[in-house]
Amino acid sequence: MRALGDRFGSALAPLAVAAGLLVLWQIAALVIRSSYLPPMTEILPMFGALLWSGDIYPDLASSLARLFVGLGIGSALGIPLGLLSGRSRAVENFITPILAAFYPVPKAALMPIVMLWFGAGDLSKVLVIALTVSLPLVYHAQEGARTVEEKLIWSAQAVGCSGFRRLRRVILPAALPEILIGARVAIVIGVIVTITSEMIVRQSGLGNYLFTALDMGQYAMTYAVMLVIAVLGFLLDWIFETVRRRLAYWAPDRREADLAATS
Amino acid sequence: MKVAPTMLNFLKRSYSIILLLAGWEAAVRLGFAPPALLPAPSAVLVALVRDLGNSHFLSDLAVTLYRLFTGLIIAIGAGVLIGVGAAESRLGPLLLEPLIRVLAPLPKIVFFPAFLLLLGFGSSSRIMLVVIDAIFPALLAAYFGARAIDEKLIWSARAAGMSNAACQFRVVLPAALPGILTGVRIAIVIGCVVVFLSEMVTPGDGLGDALIRAAREFQTVQMFVPLVTISLLGFILDYAVVRVRKTLVNW
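Residue numbers (this note's numbering), protein chains in the order written: chain A, 1 to 263; chain B, 1 to 251.
No wet-lab data here; the hints were simulated from the structure. Remember, it's a predicted structure, so these values are computed and weren't measured experimentally. Just so it is clear, CB atoms sit at the ideal spot from N, CA and C, and this is done for glycine as well. Everything hinted at is true.
Reference listing, derived: stretches of chain A covered by chain B, where coverage requires no fewer than 3 residues with Cβ under 8 Å from a Cβ of chain B:
#1 17 to 26
#2 112 to 124
#3 179 to 192
#4 195 to 203
#5 216 to 223
#6 226 to 240
Listing some non-contacts, in silico: residues in chain B with all C-beta distances to chain A over 10 Å:
#7 Trp24
#8 Ala27
#9 Val28
#10 Leu52
#11 Ala78
#12 Leu153
#13 Leu181
Sequences are here, hints too, so could you generate the full structure?
Written as structure tokens, this is what we have:
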């Protein structure tokens with residue numbers, strides 16, 4: 001019963017905290033009484049209306065489409081590159097300085113430059129998202145491949161498993177728990193860069209919807225859209241974390257400090 | 001002559017980036033890429049050096065630096081205080097951990113419109129964005145760093161007659177310092193990125209705004225200059241913390 005209680009508690013605690021934050025908000029809004037800080041009793045109905053009317057769904061869909069295509073391309077490039085660099089010194093020495101130089105660059109800020117080359121459409125945004133999310137994927141795949149138990153590789157070699165097969169059949173599964181941690185960071189960063197790029201180049205998507213509401217002076221709506229994006233970010237992370245725990249149930253759990261490294 | 005081997009070592013470690021820049025430069029010079037779309041690295045460097053004497057650019061840089069450092073100081077100071085404080089108290093696992101689990105994965109930039117409404121379009125809203133974005137790495141590092149301390153260290157300090165507050169400063173903080181500095185490194189880079197993006201999203205001033213202004217006039221070289229400046233700034237500050245960490249944490 002203790003374990004069940006703990007699991008229940010760990011699911012309830014964030015909900016309780018979220019509810020507490022909403023109540024604090026309501027109190028603050030009632031005290032300050034400014035149209036710039038509408039109370040939750042105005043924002044939450046707007047949030048419901050937004051989801052009920054379906055007005056926001058086209059933008060939600062275009063944001064999600066960009067995010068997932070970007071994540072797909074980023075994984076297809078980042079994971080193999082990371083695995084390879086975890087097993088080969090030469091590859092590692094080659095990509096490490098490039099990654100280190102690229103790390104402090106504000107990636108969403110590349111939007112105006114990438115748009116010069118690929119136009120103002122979805123391609124530019126997807127490329128910037130893919131580039132951004134590939135960084136944590138490369139890093140964690142590398143870390144995972146580097147720490148694969150050498151005996152596994154020796155036994156694969158001994159039964160005549162070739163280089164590429166070894167990478168796919170031995171190193172990839174062994175590195176999977178670490179790769180999935182990278183994927184979690186990639187999703188969180190991916191949401192941020194998707195929204196930010198839509199704020200910088202305003203055409204469609206949730207970031208655009210948010211600033212359109214702000215520009216039109218619909219403040220309760222602005223906060224409702226903020227809530228939609230926040231809930232989306234939280235839900236995506238929660239869903240992936242549930243899947244990750246299942247896929248990597250045999251690997252030792254790690255603390256959540258990795259998530260701090262996002263922006 | 002110790003210079004030659006270090007120089008050689010540096011070349012060996014970073015040859016790929018030099019190769020990349022050389023290839024980029026060659027591609028532009030040989031006409032494979034039109035300079036109007038992709039300026040040569042040398043052109044960007046020349047423009048950057050020239051801009052360092054330009055008062056307009058310097059005022060943008062100063063505004064960005066002011067926002068960045070104010071935000072970082074608040075975020076790191078508050079993050080370390082709260083983190084170390086909560087690690088010792090019972091409130092930590094009860095209140096702080098669920099709070100972190102809700103707030104840390106949120107894309108903090110969505111709160112920027114709220115800061116714009118409440119704090120105006122000047123510096124305060126951008127500083128606030130830096131604070132809420134950079135506080136989490138500092139806070140998490142301090143919290144987990146302080147929690148991982150060997151209890152015996154604290155017991156012996158308390159047994160030797162040290163007060164609780166003194167113990168926090170003289171025992172807990174130094175022991176958690178390596179972890180905290182790692183958190184500070186992440187906070188610094190996040191701060192640089194976020195202050196720049198906030199200046200791009202809403203017009204006004206600062207390096208991010210300089211990029212948007214250049215983009216409107218299709219001044220490709222001038223688009224790269226602010227981007228390279230903020231990236232170099234992040235790189236240098238990050239490196240500075242690595243050096244500080246090496247000298248401070250010599251045990």
